[in-house]
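Asks: Residue numbers (the working numbering), protein chains in the order written: chain Y, 27 to 342; chain E, 135 to 459; chain H, 225 to 554.
Hints are not guaranteed to be accurate.
Straight-line distance between alpha carbons at most 27 angstroms, and here's what the computed DSS-like set of lysine-lysine pairs gives [what the hints assert, rightly or not]:
1) E/K221 with E/K259
2) H/K264 with Y/K226
3) E/K401 with E/K329
4) H/K316 with E/K399
5) H/K264 with H/K316
6) H/K264 with H/K321
7) E/K168 with E/K329
8) Y/K226 with H/K316
9) E/K434 with E/K153
10) Y/K60 with E/K396
11) E/K434 with E/K399
Under 7 angstroms between C-beta atoms, here's a sample of chain H residues computed to sit facing chain E [to be verified]:
12) F254
13) V357
14) G358
15) S418
16) M419
17) V422
18) G427
19) N480
20) P481
21) L482
22) V495
23) P498
Bear in mind the hints are in silico, worked out from the structure with no lab data behind them.
We put the beta carbon where it would ideally sit given N, CA and C, even for glycine.
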Amino acid sequence: MTTQGLIAPVTEPLWRIRLRLAWRGLTANWRLFKENPIGLIGLGIILFFALMALAHPVLMATVWETRVYDPIIGYDDQIAVHPAPPSARHPLGTDPLGRDVLSQLLYSTRSEFALGLLAALVSVVVATAVGAMAAYFGGIIDTIFMRIADVVLMLPFIAVLIVLTALLRFELIHLAIVYGVLVGFGGQTIVVKSQALSIKIKPFIEAARVAGGGHWHIIATHMLPNLLPLAFLYMMLTATNAIFAEAVLSYFGLLNIRMSWGIMLNTARVSGYLLAGPDYFHLIIPAGAAISLLCSAFYLVGRAMDEVVNPRLRKR
Amino acid sequence: MADTVLSVQNLTMHYTTRKGDVSAVDDVSFDLEKGQALGLVGESGCGKTSVAISLIRLLPENARILGGHIYLDGTDILALSEPEVLKIRWTGISMVFQGAMNALNPVYRVGDQIVEALQTHFPDKSRAESREIVERLFRVVELDAAMIDRYPHEFSGGMRQRAIIAMALSCDPQVIVADEPTTALDVIVQDGILKELREIQDELDMAMIYISHDIAVIAEVSDRIGVMYAGRMAELSDTVTVFRQPRHPYTYALMSAFPSIKGPKRKLATLPGEPPDLLEPPPGCRFHPRCPRATAECRKVPPAFEDLGGDHFVACYHPIEESNG
Amino acid sequence: MAENAPLVEVQGLRKLFPVESGLFRQTHSFIHAVDGIDLKIQAGRTLGLVGESGCGKTTTGKLLVRLLDPTEGSIYVTDPELGQTVDLAGLKGRQLKAFRRRVQMIFQDPYESLNPRRTVFDTVAEPLVVQDVGTLSEREERVANLLQLVGLSPPSSFLFRFPHELSGGQRQRVAIARALVIEPVFVVCDEPTSMLDVSIRTGVMELMMDLADRFGVSYLYITHDLAVARYMCQEIAVMYLGKIVERAETEELLSNPLHPYTRALISAVPVPDPEYERTAIEIEGGIAAPIDPGEQCRFYDRCPLRTDRCGLEDAPPLVDRGGGHYVACF
Numbered sequence: 027m028t029t030q031g032l033i034a035p036v037t038e039p040l041w042r043i044r045l046r047l048a049w050r051g052l053t054a055n056w057r058l059f060k061e062n063p064i065g066l067i068g069l070g071i072i073l074f075f076a077l078m079a080l081a082h083p084v085l086m087a088t089v090w091e092t093r094v095y096d097p098i099i100g101y102d103d104q105i106a107v108h109p110a111p112p113s114a115r116h117p118l119g120t121d122p123l124g125r126d127v128l129s130q131l132l133y134s135t136r137s138e139f140a141l142g143l144l145a146a147l148v149s150v151v152v153a154t155a156v157g158a159m160a161a162y163f164g165g166i167i168d169t170i171f172m173r174i175a176d177v178v179l180m181l182p183f184i185a186v187l188i189v190l191t192a193l194l195r196f197e198l199i200h201l202a203i204v205y206g207v208l209v210g211f212g213g214q215t216i217v218v219k220s221q222a223l224s225i226k227i228k229p230f231i232e233a234a235r236v237a238g239g240g241h242w243h244i245i246a247t248h249m250l251p252n253l254l255p256l257a258f259l260y261m262m263l264t265a266t267n268a269i270f271a272e273a274v275l276s277y278f279g280l281l282n283i284r285m286s287w288g289i290m291l292n293t294a295r296v297s298g299y300l301l302a303g304p305d306y307f308h309l310i311i312p313a314g315a316a317i318s319l320l321c322s323a324f325y326l327v328g329r330a331m332d333e334v335v336n337p338r339l340r341k342r
Numbered sequence: 135m136a137d138t139v140l141s142v143q144n145l146t147m148h149y150t151t152r153k154g155d156v157s158a159v160d161d162v163s164f165d166l167e168k169g170q171a172l173g174l175v176g177e178s179g180c181g182k183t184s185v186a187i188s189l190i191r192l193l194p195e196n197a198r199i200l201g202g203h204i205y206l207d208g209t210d211i212l213a214l215s216e217p218e219v220l221k222i223r224w225t226g227i228s229m230v231f232q233g234a235m236n237a238l239n240p241v242y243r244v245g246d247q248i249v250e251a252l253q254t255h256f257p258d259k260s261r262a263e264s265r266e267i268v269e270r271l272f273r274v275v276e277l278d279a280a281m282i283d284r285y286p287h288e289f290s291g292g293m294r295q296r297a298i299i300a301m302a303l304s305c306d307p308q309v310i311v312a313d314e315p316t317t318a319l320d321v322i323v324q325d326g327i328l329k330e331l332r333e334i335q336d337e338l339d340m341a342m343i344y345i346s347h348d349i350a351v352i353a354e355v356s357d358r359i360g361v362m363y364a365g366r367m368a369e370l371s372d373t374v375t376v377f378r379q380p381r382h383p384y385t386y387a388l389m390s391a392f393p394s395i396k397g398p399k400r401k402l403a404t405l406p407g408e409p410p411d412l413l414e415p416p417p418g419c420r421f422h423p424r425c426p427r428a429t430a431e432c433r434k435v436p437p438a439f440e441d442l443g444g445d446h447f448v449a450c451y452h453p454i455e456e457s458n459g
Numbered sequence: 225m226a227e228n229a230p231l232v233e234v235q236g237l238r239k240l241f242p243v244e245s246g247l248f249r250q251t252h253s254f255i256h257a258v259d260g261i262d263l264k265i266q267a268g269r270t271l272g273l274v275g276e277s278g279c280g281k282t283t284t285g286k287l288l289v290r291l292l293d294p295t296e297g298s299i300y301v302t303d304p305e306l307g308q309t310v311d312l313a314g315l316k317g318r319q320l321k322a323f324r325r326r327v328q329m330i331f332q333d334p335y336e337s338l339n340p341r342r343t344v345f346d347t348v349a350e351p352l353v354v355q356d357v358g359t360l361s362e363r364e365e366r367v368a369n370l371l372q373l374v375g376l377s378p379p380s381s382f383l384f385r386f387p388h389e390l391s392g393g394q395r396q397r398v399a400i401a402r403a404l405v406i407e408p409v410f411v412v413c414d415e416p417t418s419m420l421d422v423s424i425r426t427g428v429m430e431l432m433m434d435l436a437d438r439f440g441v442s443y444l445y446i447t448h449d450l451a452v453a454r455y456m457c458q459e460i461a462v463m464y465l466g467k468i469v470e471r472a473e474t475e476e477l478l479s480n481p482l483h484p485y486t487r488a489l490i491s492a493v494p495v496p497d498p499e500y501e502r503t504a505i506e507i508e509g510g511i512a513a514p515i516d517p518g519e520q521c522r523f524y525d526r527c528p529l530r531t532d533r534c535g536l537e538d539a540p541p542l543v544d545r546g547g548g549h550y551v552a553c554f
């Protein structure tokens, strides 16, 4: 069979075409995502928090004196009694150690985001890799992975984290990675594996095999791209839970970090202001609200993404 | 004129989707007489199933009937309210669904499901009487009476289909609509079911609408054939005429596109292009983009569905000439 | 290499699937999906493999492209370029991969046989990529040419579309392009037109026959539709419960069927001619899965012509009854 070079083939470099296609795909998905008000609300909240995180270094560099407003070591000596209620000088008041609450809130946002997203990324990488391999190879590999997943699922999450953090003095990055691995190996692997199994039996996989594709080719070229939408969805949910887990652990003082929303609550608790009445609400509500809002935001985005990823959920 | 048991006139129906309105059925009309078998044939998306579910008024949420009348024995069933429709469903018109294999509830015994259908429509009958009717029905569809108390998974594909036919017959309907009842069955089993349906039809003098994309099956089962394309009826006439003297260009092409195991081996006709997207159907005649005989007239106004003589209806500005002999 | 040596010769091909039963999932019985079949396909010819569901035709197709490994038997494929004959059944690893360039497959479902997240170009170029054939621009050219050949014209407008932007017929053409891009000598087609609309079907069938002529490719055309098999194939083999019961030139088989099952099958096919009187041969019962079948003729319990001999002796072998018309019946 000879092919004549009659047709002018692809005129642009391939990578540019692929980029354009990817962009088109992104905008199409965005359009779908936009239709669901839940997703937009969640995204809005996330953007709001992102602004907060960005606002902090700006404020520190301009309006706020470091000596007073530093979230960790600041101290306002112009006010006699700490914790002080909200005022013009301190919009959310000060904490028992004299530090500005708003500053703490904004400062922590950055690390909360980092934590959530890092944990999510780790969990997705783990779950996708493990789930895809378990589904594709089956047999002993599948069994080993599934037994590990079973063990992870059996363990009470928070209890495990409490034990680990008590023993090992975690910082945020450690927590993110450990959390990601645990969640990745737990329920997510099984979900990814079942999705991978449904892909594995599709004829295009057989076609790839008939063409001569080996295991890794099939996993990388066919299975992973089809698993990624599901993976992104789970990223959002993992972020939610990671932030919440950090809040809990910090609340118990188990983490080796200096400032986070959980630490703010922890400070309130150990100083005895937790149930001290409405005058001290400014010590609890901002951090608590921030945790709830950011967690919910990720969750809402995840829910809206569900409809993008899973065409059957869409309205006709 | 013989007993017209069903008369569909100018039926128009569309589906509302997020992308817009899909014009699934447009101005479809046909009559059905007692004891007659009408075959509705066409490719996917032609609207034949949509017509079927309109007849029995089992429309999904996003479907709207925009106009037309369906007269069952003189009563316009489109004008009936929901509770009134419930009464004529199964007793006036009943349906054998596409994918009927899955229409049986797997956790109930087959006999019980039919009895339940009977009890719903004839609450004054006793269970014993209903049971007897089921036994009679099983005999009619040539199923062993012992299977009445078995579960669907114990039935083979062909047997399940017979059970569904029994259910469709149970309330003594005037019309049965069979939507691709043998499509997923092996050819030998299909033959048995087709024979079954013909015998039942003869015995009970029942009117049947048989829907399929398989022209060979339609040829064997139907007295009259309605050819549908893109939501409209292109041609309607008795079976032999449609095969021997098709006048609509689509019908002509369709007849020549089916390979047969009998007769001389001839080259099959290929139709260029694809069936149109019913979200934005072409103006005028919906077949014009693929029609070798299309002219400017065809692109503007849809042709009327007219009787060209002898109850032979065609919707075309340039029907193929009748050949004598 | 002899002139009339077949391109593909299958001998004694057998595939058994274990049936797990019992508390500890022990294997007691086997499903004899394909039970000792012989086939010969000449270069440039199309053999139709016909049968009802469960007869083993799809399994046979998969065995011939080594998607499944045979339990027993040989698949001899002659590579005309190298002039050597290799037993496909025994190949492994790199040799198997190299031989995949000669044997390809077209699948039934146009909606599922293309990866929804890959462009038409990626899908059709995949065999070239995997087999490391050509440079990127050479591949682009080959794919474009092939798209033109299968009727997806102009190729530039189809190259970077996704499957959901194509119709069923167009998708199947992409599948055909993919199968042929690597220039195989033999393509197994598993009911490639059964899920397409009739007016599209003929176009695809014509295309396949045209390409077969043009490139000298042989097909094994698997289908349950005898009418389609008649149109596409020069020779037809009928399968029943894992065995081939009859094999002959198409017109010979249809006008003079010798095996009772073939007769029943042919008589049951509806004919698109309202004035044709068809009398179907009645056979009882239905098809059951061939689990641990005995040695006797598989059609014994349903055959209207059975004799005591059929029930007592081993299954009749496939014998030439004259002019290349093979039948397995007493």
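Asks: How about H/N480: closest beta carbon in chain E under 7 angstroms, or not?
Replies: violated (13 angstroms)
Asks: So, H/P498 near chain E? Judge it on the closest CB pair being under 7 angstroms.
Replies: Hint holds; H/P498 Cβ to chain E Cβ min 4 angstroms, cut 7 angstroms.
Asks: Taking 27 angstroms as the top limit, are the C-alpha atoms of E/K401 and E/K329 close enough?
Replies: violated (30 angstroms)
Asks: Does H/M419 pass the interface check with chain E, least Cβ-Cβ distance below 7 angstroms?
Replies: violated (10 angstroms)
Asks: Does H/S418 pass the interface hint, meaning its C-beta sits closer than 7 angstroms to a C-beta of chain E?
Replies: Not OK, violated: H/S418 not within 7 angstroms of chain E, min 11 angstroms.
Asks: Would the hint on H/F254 be counted as holding, given a Cβ-Cβ threshold of 7 angstroms to chain E?
Replies: violated (22 angstroms)
Asks: Please check whether H/G358 passes as an interface residue: C-beta within 7 angstroms of a C-beta belonging to chain E.
Replies: Constraint on H/G358 not satisfied, violated at 32 angstroms.
Asks: Tell me if the straight-line CA distance from E/K168 to E/K329 falls inside 27 angstroms.
Replies: Judged against 27 angstroms, a Cα distance of about 19 angstroms means the pair holds.
Asks: Tell me if H/G427 is really an interface residue toward chain E, meaning its C-beta lies closer than 7 angstroms to one of theirs.
Replies: holds (5 angstroms)
Asks: Tell me if the interface restraint on H/V422 is satisfied: Cβ within less than 7 angstroms of some Cβ in chain E.
Replies: At 5 angstroms from the nearest chain E Cβ, H/V422 passes the 7 angstroms test, so the hint holds.
Asks: Please work out if H/K264 and H/K316 have their alpha carbons no farther apart than 27 angstroms.
Replies: holds (23 angstroms)
Asks: Sort out whether H/K316 lies within 27 angstroms of Y/K226, counting only the CA atoms.
Replies: The given pair, whose Cα atoms are some 22 angstroms apart, holds under the 27 angstroms limit.
Hint compliance for this structure: hints 2, 3, 4, 10, 11, 12, 13, 14, 15, 16, 19, 20, 21 are not met, and every other hint is.
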